[in-house]
Amino acid sequence: KAGVTQTPRYLIKTRGQQVTLSCSPISGHRSVSWYQQTPGQGLQFLFEYFSETQRNKGNFPGRFSGRQFSNSRSEMNVSTLELGDSALYLCASSLAWEYGELFFGEGSRLTVL
Amino acid sequence: QQQVKQSPQSLIVQKGGIPIINCAYENTAFDYFPWYQQFPGKGPALLIAIRPDVSEKKEGRFTISFNKSAKQFSLHIMDSQPGDSATYFCAARAGETSGSRLTFGEGTQLTVNP
Numbered sequence: 086k087a088g089v090t091q092t093p094r095y096l097i098k099t100r101g102q103q104v105t106l107s108c109s110p111i112s113g114h115r116s117v118s119w120y121q122q123t124p125g126q127g128l129q130f131l132f133e134y135f136s137e138t139q140r141n142k143g144n145f146p147g148r149f150s151g152r153q154f155s156n157s158r159s160e161m162n163v164s165t166l167e168l169g170d171s172a173l174y175l176c177a178s179s180l181a182w183e184y185g186e187l188f189f190g191e192g193s194r195l196t197v198l
Numbered sequence: 724q725q726q727v728k729q730s731p732q733s734l735i736v737q738k739g740g741i742p743i744i745n746c747a748y749e750n751t752a753f754d755y756f757p758w759y760q761q762f763p764g765k766g767p768a769l770l771i772a773i774r775p776d777v778s779e780k781k782e783g784r785f786t787i788s789f790n791k792s793a794k795q796f797s798l799h800i801m802d803s804q805p806g807d808s809a810t811y812f813c814a815a816r817a818g819e820t821s822g823s824r825l826t827f828g829e830g831t832q833l834t835v836n837p
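Protein sequence lines correspond, in order, to chains A and B.
The opening residue of the first sequence carries number 86 in the working numbering; numbering runs sequentially from there.
The opening residue of the second sequence carries number 724 in the working numbering; numbering runs sequentially from there.
Since the hints were made in silico from the structure, they are not lab data.
Keep in mind that a hint or two might mislead.
Listed below are the simulated DSBU-like cross-link pairs for lysine-lysine, each with C-alpha atoms no more than 35 Å apart in a straight line [claimed, not checked]:
#1 A:K142 / B:K765
#2 B:K780 / A:K142
#3 B:K794 / B:K780
#4 A:K142 / B:K794
Build the full structure now, drawing on both the sequences and the hints.
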């Protein structure tokens with residue numbers, strides 16, 4: 086069974102640009118969540134989607150948004166990038182939204198210059 | 724109150740030793756406590772998890788001890804191996820309505836020397 090797939094794995098952007106990251110969950114998993122990982126703040130929850138609906142949202146500004154498609158694939162978007170947005174963005178999938186067992190992808194490493 | 728405090732920040736042991744990583748929390752609504760292992764360049768991988776109605780859980784060489792009254796839980800790695808060298812994160816979830824929203828500890832970088 087294929088794991089969680091994230092694309093792109095690495096990307097470099099400049100301040101003010103926007104970025105879209107993609108995530109394909111494990112087959113059969115309907116819940117997708119996103120986390121930001123930085124050396125200073127650790128792992129922080131961004132948001133979670135289940136059946137194309139946002140179920141939970143973390144404490145991030147509105148520049149961070151996401152969506153989920155009918156096939157459970159998800160995208161997250163960050164607009165007006167800031168230097169502090171440089172991070173590893175991790176996608177995790179779960180069988181259902183009330184399950185805590187998460188399976189993480191390898192992440193998308195974003196560098197903002 | 725949503726925080727999970729993890730210690731130590733880093734830990735070095737010899738092969739065969741038993742590293743112990745501790746976590747403490749305040750939020751009594753937390754009902755699920757997983758541990759994740761992360762290797763460089765990889766995403767976190769679920770190691771083992773426990774719920775508050777159990778005081779200990781073992782899976783292979785990994786054991787979680789849980790003290791509900793003290794609001795603390797810890798990970799023990801028996802017979803540690805160099806391949807266990809990684810960063811370990813404890814986490815907690817505040818009920819089923821939190822879904823996949825986990826609160827993570829700061830992480831512990833474990834080094835197991837041969």
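Hey, K142 (chain A) versus K794 (chain B), does the alpha-carbon distance stay inside 35 Å?
Status holds; Cα separation ~26 Å.
What's the verdict on K780 (chain B) and K142 (chain A), does the C-alpha distance respect the 35 Å limit or exceed it?
Status holds; Cα separation ~31 Å.
Straight-line alpha-carbon gap K142 (chain A) to K765 (chain B), limit 35 Å
OK: K142 (chain A) and K765 (chain B) at ~24 Å, within 35 Å.
Distance restraint between K794 (chain B) and K780 (chain B), which requires alpha-carbon spacing of 35 Å or less:
Distance of about 16 Å is within 35 Å: holds.
Hint check: no violations occur; every hint is consistent with the structure.
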